[in-house]
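Protein chains in written order, with the working numbering: chain A, 1 to 465; chain B, 1 to 472; chain C, 1 to 465.
Hints listed in this document are in silico derivations from the structure and should not be mistaken for laboratory results. Keep in mind it's a predicted model, so treat the numbers as computed, not measured. Check before you lean on any hint, since a few could be wrong.
What the hints assert, rightly or not - Each computed DSSO-like pair below joins lysine-lysine, with the alpha-carbon atoms no more than 27 angstroms apart:
no.: 1; chain 1: A; residue 1: 111; chain 2: A; residue 2: 170
no.: 2; chain 1: A; residue 1: 405; chain 2: A; residue 2: 208
no.: 3; chain 1: C; residue 1: 208; chain 2: C; residue 2: 111
no.: 4; chain 1: B; residue 1: 173; chain 2: A; residue 2: 111
no.: 5; chain 1: B; residue 1: 17; chain 2: C; residue 2: 337
no.: 6; chain 1: B; residue 1: 210; chain 2: B; residue 2: 17
Unchecked claim - Covered stretches of chain A (chain C as the covering partner; in silico rule of three or more C-beta atoms under 8 angstroms from a C-beta of chain C):
no.: 7; segment: 122-128
no.: 8; segment: 305-315
For each residue, glycine too, the CB sits at the ideal point set by N, CA and C.
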Amino acid sequence: MNFSRNVGAGETIEEEGDAEHLQLISLKHSIDDLYLLTMSIIIFFMQAGFAFMEAGAVRSKNTVNILIKNLLDMLIGGIAYWLIGFPLAFGSEGNFFLSYNFWANNNLPVKEYGHWFFDFVHAATASTLVSGSMAERCNFYAYLVYSFIITGFIYPVASHWAWHPQGWLKRTAFKDYAGGGVVHMLGGTCALVGAALMGPRISRFHGKTGEPHDIRGHSVPLAALGGFILLFGFLAFNAGFRGHISQSGDGEVISRALVNALLGACGGGVGALVIHRAGTFGPTNAWSFLMTLNGALAGLVGVCAGSDVFPSWAALVVGVGAGFTFLCLHFLLLRLKVDDPLDAFPVHFGGGLFGIVAVAFFMEGGIVFDPSRNSATVLGWNLVGAASISGWSASLCLVLFGILKKLGILRVSREMEIQGMDLMKHNEPAYPSTAWEDCDPGQYGTSTMASKLLSVMGYKGSLVD
Amino acid sequence: MGEDAGDTGGHELASLKHSIDDLYLHTMSIIIFFMQAGFAFMEAGAVRSKNTVNILIKNLLDMCKSAFLSSCKEVSSSLGGIAYWLIGFPLAFGSDGNFFLSYNFWANNNLPVKEYGHWFFDFVHAATASTLVCGSMAERCNFYAYLVYTFVITGFIYPVASHWTWHPEGWLKRTAFKDYAGGGVVHMLGGMCALVGTVLMGPRIGRFHKKTGEPHDIRGHSVPLAALGGFILLFGLLAFNAGFRGHISQSGDGEVISRAIVNALLGACGGGVGALVIHHAGTFGPTNAWSFLMTLNGALAGLVGVCAGSDVFPSWAALVVGVGAGFTFLCLHFLLLRLKVYLSGNANVGAVDDPLDAFPVHFGGGLFGIVAVAFFMEGGIVFNPSRNSAAVLEWNLVGALAISGWSASLCLALFGILKKLGILRVSREMEIQGMDLMKHAEPAYPSTAWEDCDPGPYGPSNMAGNLLSIMA
Amino acid sequence: MNFSRNVGAGETIEEEGDAEHLQLISLKHSIDDLYLLTMSIIIFFMQAGFAFMEAGAVRSKNTVNILIKNLLDMLIGGIAYWLIGFPLAFGSEGNFFLSYNFWANNNLPVKEYGHWFFDFVHAATASTLVSGSMAERCNFYAYLVYSFIITGFIYPVASHWAWHPQGWLKRTAFKDYAGGGVVHMLGGTCALVGAALMGPRISRFHGKTGEPHDIRGHSVPLAALGGFILLFGFLAFNAGFRGHISQSGDGEVISRALVNALLGACGGGVGALVIHRAGTFGPTNAWSFLMTLNGALAGLVGVCAGSDVFPSWAALVVGVGAGFTFLCLHFLLLRLKVDDPLDAFPVHFGGGLFGIVAVAFFMEGGIVFDPSRNSATVLGWNLVGAASISGWSASLCLVLFGILKKLGILRVSREMEIQGMDLMKHNEPAYPSTAWEDCDPGQYGTSTMASKLLSVMGYKGSLVD
């Protein structure tokens, strides 16, 4: 990833020294900086995507709670990544497992700051997934703790393995271009462990029969807004991971990643829509929007691992596969009675896992095209990588959430869960009734549902005193 | 690098130029891509709550579908040469072709990877053109009909027209036809398809009075959602205008692009403020409302209007064109409301219901712009009334006519067939009940998710609880 | 700011003339153009951020009103800035106080158009702040007038002082990298004067005791949407102010600005959350989302003045300080019975002021690191600059709003304020009741709150005839 940039630059500087050449090199850096910067800013906007997707998918009584969690994912995450996350992941001194300098950006060369920011937006993505799966019942203190630890420790160590020049996975044939494994599988695993230890929301599963009972989110448009922002951000996510754009061949790789990301989304979205509509997982006659949206996201996650090397048709196939994996895991979770309101595990773990396996098959020179020892090695190492990343995050999360559970601060009280956290915890209802009060409509007709309803029911007075 | 300083220096420079161009194209494309969200929310806000999810899913699929179409070349090659005819990119930008369309990259996949950026850039425009149609047919279009028509529009109708104007061999490209950022090709075409669709579809139930034919406002369920869409569109249209140059590293590019973006902004200013003032002044009937939606649509029409020449207008002309486009939008908006009178005596037949004003905004703005560019471009009729500048006007009229004619006739055939087959419009029952429940089983705002707890000492939390307590 | 770009470019052109060198120079311009353009477009999107933040913070009956004001801020602002704003700020002929050519872009070289657009988005930011503080009661005509004057005159003159090569502040040690003073303090001051002259909304303060009574906004998610968009845009705001990216050292400055912006937001948000929750300003047990969001914005505003020179830890500290200043001013306004629905003054003036003072302390070579005459000079000039910018904007706004008040067109009538402006003024309710009518739910269950409520209350019929 980014480190290749520094290496490339180092080489060129040694070669030649006349002024013009130096200018050329400095220009290359400018372009790379601009590229990294623009992509990072757009990826940063994905935080808003996650926030609204989650806000739309919870009930109105917990909307503010989920919004503040997403905001703090960014704010606390920034501090955690600055203090310990980046040093653990990309310090210049380290071993195969982690690195250990640049604490709090101490001594970090300023030219690496772009790199820092770029890595931070990925870390934030990984940790923000978790708040979705634990929505509507997670204790606020528990949230503060786990958010800090995931962004500051669990994710950075895994990303060190895969992307630091000394990381043990980096030095193998492990192939994960844009973090399908490191970012999404890791986040998905944490989400699953959290959701499982937390237990389902009250009345999510029938007390005796265990039949799942739909708890719908309060606003599909909000969720759709989040989804659209995520699609926007994901394009930059895939386009940005090259880390530099000025070297020969970069343009092609990045264009390809962009097109593949789009086709992956298409495959995942349309695939999930059709597969679900066809009644594969139980009879339905609904063309489901949320399934389509989650499918598209799963498809995007799926192609992440190899969007730089897939041929276009393979991106489409991988997208469909990731969409299908998402649906399988979605219905599996229902059977296991795990309550993941945002489908964070099916979408991100499922899509990521499918992608990291598929890349060994469908990459250029992969098993499908050239079944050789070489291509099998990629498969082998990708499976090892996937297993170790999942194992690492699962075991640490088990400890983390286990301790929080033992301490009794993992989940909110039954009363607060029923009443909703917006009022009890934040004292900020998402849609305060007083702000919707209506005046006497007069000649202009009624203005909102409220007065309409009142008039239907024969209420004559005015709501304003 | 480095063995051969002089040579490699030049080589490296060239490669650096490519890098910059790539970066420019990617960034603009990604931002233009976000316009899909803009259209989605503008439309979602403008329909009733019972059809919200329906319109959202259509917008999401618009994107996927057009990508599919453009990528069929890949599939076709991999599946061993199955002939796909309705494919977008090959028809528009294949390297072999004639004045009308091109025809390679489907049987033999030779599209160089370095063209992928170009592909993505073209794709976002195709998606823009087809997504316009969705709005004008909102709240009553059959889902299957929708699947068919987007396939045809993004796979065939738009690509052929874009081949005419942008492919080096296209017949319009080789004339004096001037359309910088697709005011004609993208917006007029989309607007025309929207009009044909909505005419054949007929108005929504309750839109016009059965006897008098008086229009009855069917308002959208959420102005803030529509506003969100509008703001995103303004954001995206800036990139749309800035991006159409296609490269930024050549001499003069920076100036053209800067000018395009400033003109886009001033066009929006002219269109928005113009439409607001003209409407408020009572030009089209007495009113005392400062209408937000008119302002927003006017701003969009202004942006569409300057598209045709945002690279060549002087600043003041961009403002003037914006105002003109805003005015054209208002004219067409009120014309559509009246249109039934002129079409037939029967007030029920032929009345046009365009919930999103897709035709007035995009066709009107686009048409005004494509005419205006001949007048206001540098060296245009206003500045230098000569044979040359008249030629631009002439060819622009020919181009506008050809594009409108092409899209209108094909859409007429397309929607006519769908109507004959009886799958153009949803059933009356479904229209009344709304498609969210009947078709998608996903209400946009499920009541159960708004249920309220006992408010307790904290007071009621939302409207529901408040209402209940008032009435208790 | 941007002018340095042109100057720098001019120098290099003279130096040497061979073809390759010229190409290099032209390439540099391309990169700079691309950078300026991308950042400007993203900053432009901040208009949407302000619009939704304000829309969420007003009552439903004034939502359309605030949306149209934000839209017009951009549309009218564009015309005003084109006609007189840019000429006053950045004309090539001028004196220490203002400049006076390029009216309506007349004779402006096309290569300056990128610069024009970049400056315009800042002007739009400054003026859009004001509509927030005067929300729900400002007359529409008054709005049209003040919006034109702030974008067209008040802001441009101040920006001439600070950024035009001949501006009197520019030629001193005054240090304000990204407009914490010029943009935010100015906007905040105008907002305060407007809100104070306008008076509070009806029932905002108890008639006798003066106790503040919360008037909540109608939708926290809308406000959150605005906030997230603002965070997104602010990153570009800080990254973009360098004005060029192709010169040596640019990449480092911009990366640093980006990281500092993020850390400032972290400091401000977390700081405000914790300080507020700790009960510093009165007992509370709420983890307030809106305080966190406003704190994060204040933190961003705070680091603006020096995000290119702060060390990372200082950005965090400045963020916390700005968050604290925001809280102080917020509660001060309540005591003074000034009603600022959006907290535009506390966030933007408070954050900006803190930042412009802090930069003298925490910049590299600042008072904290090197207490010398030099660093004290920066503090001195920054105080002078802050005072003159506030004084300039306050006195002009006082005149402006004073005249409007005298003419009786500053504030809407009592009746319109109670009924809401959406219906009375725009005839466009934000959420028209007719569009929420419900069908007979049939077997699929009810679809919206409306029918739910009806059934709760025993209403049996269908809403559709």
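Status of the hints after comparison with the structure:
1. A:111 <-> A:170: holds (23 angstroms)
2. A:405 <-> A:208: With Cα atoms ~25 angstroms apart, residue 405 of chain A and residue 208 of chain A stay inside 27 angstroms; holds.
3. C:208 <-> C:111: violated (60 angstroms)
4. B:173 <-> A:111: violated (46 angstroms)
5. B:17 <-> C:337: At roughly 59 angstroms apart (the allowed maximum being 27 angstroms), residue 337 of chain C and residue 17 of chain B break the hint.
6. B:210 <-> B:17: Given that 27 angstroms is the threshold and the Cα spacing comes to 63 angstroms, the pair is violated.
7. 122-128: violated (count 0)
8. 305-315: violated (count 0)
Checked against the numbered hints listed earlier, the structure breaks hints 3, 4, 5, 6, 7, 8; every other hint is satisfied.
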